[in-house]
Each structure stands twice: as structure tokens, then as C-alpha cells.
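Per this note's numbering, the very first residue in the sequence shown carries number 1; after that it's consecutive.
What the hints contain is simulated information worked out from the structure, not anything from laboratory work.
From the three backbone atoms N, C-alpha and C, an ideal C-beta is built for every residue, glycine too.
One or more of the hints may lead you astray.
[As the list claims (entries may be wrong)] Between beta-carbon pairs, the in silico distance windows are:
(1) Arg-108 <-> Leu-58: 42 to 48 Å
(2) Arg-195 <-> Val-169: 23 to 29 Å
(3) Leu-167 <-> Phe-216: 22 to 28 Å
(4) Arg-195 <-> Phe-216: 35 to 41 Å
(5) His-147 <-> Trp-46: 28 to 34 Å
(6) His-147 <-> Thr-22: 29 to 35 Å
(7) Gly-249 <-> Lys-144: 27 to 33 Å
(8) Pro-157 <-> Arg-33: 37 to 43 Å
(9) Gln-164 <-> Lys-194: 18 to 24 Å
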Amino acid sequence: MFPQLFHIGRFFLPTYGFLVSTGVLIGLWISVRNAERMGINGEKAWNLGILVVLCGILGAKVLYVINDWDVYKDNLGRIFSLDTLQAGGVFSGGLLAAFVAAAWFVWRNHLPALGTCDAFAPGLAMGHAIGRIGCFAAGCCYGKETHHWWGVTFTNPLAFSITQTPLHVPLEPTQLFESAVELANFIFLTWLLKRRKFDGQIIGAFMFLYGFARFFLEYLRGDPGRGSVFGGAMTGTQLIAIGLVLGGGFIWWLRPGAKAVPAQTASAAR
């Protein structure tokens, strides 16, 4: 829709980059605020958030390249091209990389693993919701052709040049659908965080809800680059989504730690 916020000479500000950066900052602020309320050191929470963001961006790019390897294998230099940098990435890859980075940091700094994840889950949902609006503006992560009234038509040639978005064809607004899902997740997780009964309750709910929604949203996606498994029966992203659902459900089934540590008690013990 609007790939560039403004363009002055050779300088331009991409809408995608601006909104993703905004989502990251807002998501980090929410996460650190939640962490401090739960008695987690604020400085460590900021450091964890920055590490998770950097690894998440890298993981999203890596999975994007892996899933679209046929495009890159004969021209490896294209991996570092401006088009690839502007194309975003695969959120599931970023989520997995962020989890690995977070696990290492939490272990290294002796933080409560699932409790820390609980603090970050609502911020992650909000940051992702804002980032998906950036995807919509840039035209990436587009949906299949549709004739429903909610179909959106991209007309900006920049959208096609960057992500090969079909122009002048009504498409499913999958970016907005996913943004709405994540906004709903943020509202629910924020409500649940104030009422949590055990460590892992919030991150488990996020994994289950997002994984469930993303699995079905994949059927509406029309862009390449998410891979295929089991002979094309499902995309690689759908397989990851199933893993998130199972993982979130497993955390709830285990109910680790029995009870969450009250925020005021953790703060006093810090």
C-alpha cells in the first residue's frame, strides 16, 4: 500500500522498517515493564529484550532464505541484497531463534525461565501486531487472490519490485488478519498476566493461541518462501505452528512450579 513513508532525493524511509522498529520498541517497553512488576531486574530485562530482538531478526531472515533457497543457491550474494533486507522474514524462524537466545540468557543470568517468558509474551504479541501492519504497507506476506469484499488491491510498483506482490489483483489481507490476532492475544495475555496461577501460564497460552491461528492463516497466504513438508501436505511454517501448539499445551499440562511467585514477594527478594 505505502512502501515508503516519504522520499527525499535518494533518501527514503521504508514504512515496513519504521513500523517494525516501532513495534520492537513498544514491545520491549511493555516486556520490561511487566518484568519489573514481577520482580525481575530491569537492566537484565532490557539486555534480554535486545538480544532476543537481534536473534529474532536473524532467525527470521535465515528461515526466509532457507525456505526460498532455490532463488538464492545460484547467487549467494543476493542474500545480502537490499531486496532481501527489505523483504522481512519468516516470523516462525525469528520466534525459534528468539527462544534459543532467551533460554541461553536466562540460564546465564539465573533468571526464572518461564516467569521471564511470561513477562515478555504480551509485549511480543503487541510488537508483532504492529510489525504486521508494516508488512501490509510494504506488500509482503500477502494472501491469495480473493473475490470477497475484504480483498485488498496493491497498486504500488515498489511492492512488486521488493516482494513480487501481485498488483491490481484483490488479495486476502493476511497481514491485517494476523495483526488482529496478535492484538487480541496482547489484550488477553495482559489480562491473564494479572491473574496467572503458575509460571509458564502466559507464554504457554501465547504459543498455543498464536500457533493455532497461524496454522490456519497459512491456508490464505499466497507468497512463496515458507517451505513445504510431507510432500507438500503443509508448509514448514505450519509444522512449526503445530510445534508451538503442542509446546504451549505441554506447559499448561505440566503446570510447572505449581504457583507463580507473587510480584511483590519477588520484588522484595531482589
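Tell me, which hint numbers fail for this structure?
1, 2, 4, 5 and 9
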